[in-house]
Amino acid sequence: NGFKLEEGRFRLDIRKQFFTMRVVRHWNKLPREAGDAPSLQMFKARLDGALNNLV
Numbered sequence: 001n002g003f004k005l006e007e008g009r010f011r012l013d014i015r016k017q018f019f020t021m022r023v024v025r026h027w028n029k030l031p032r033e034a035g036d037a038p039s040l041q042m043f044k045a046r047l048d049g050a051l052n053n054l055v
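Numbered per UniProt numbering, the sequence shown finishes at 55, counting up by one with no gaps.
What the hints contain is simulated information worked out from the structure, not anything from laboratory work. The structure displayed is predicted, hence computed values, not measured ones. Be a bit skeptical, because a hint or two may be false.
[Claimed, not checked] Only pairs whose alpha carbons sit at most 25 Å apart, straight line, appear in this in silico BS3-like list of lysine-lysine:
{"id": "1", "residue 1": "Lys4", "residue 2": "Lys29"}
{"id": "2", "residue 1": "Lys4", "residue 2": "Lys44"}
{"id": "3", "residue 1": "Lys29", "residue 2": "Lys44"}
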């Protein structure tokens with residue numbers, strides 16, 4: 001998608017377990033159509049479609 005998040009580098013392993021750090025890889029793997037959705041409803045529909053393609 002066009003809104004890539006950057007993973008930080010941390011000295012403490014505990015920081016890697018924070019929710020905000022765990023979702024970065026998943027977010028960056030989203031297809032462009034899902035990440036660039038114009039509304040929340042469209043995002044949800046496109047996310048469902050992307051997840052259905054994985055299964």
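Against the structure, the hints come out as follows:
1. Lys4 with Lys29: The given pair, whose Cα atoms are some 9 Å apart, holds under the 25 Å limit.
2. Lys4 with Lys44: Holds, at about 18 Å.
3. Lys29 with Lys44: Holds. Lys29 to Lys44 sits at ~16 Å (cutoff 25 Å).
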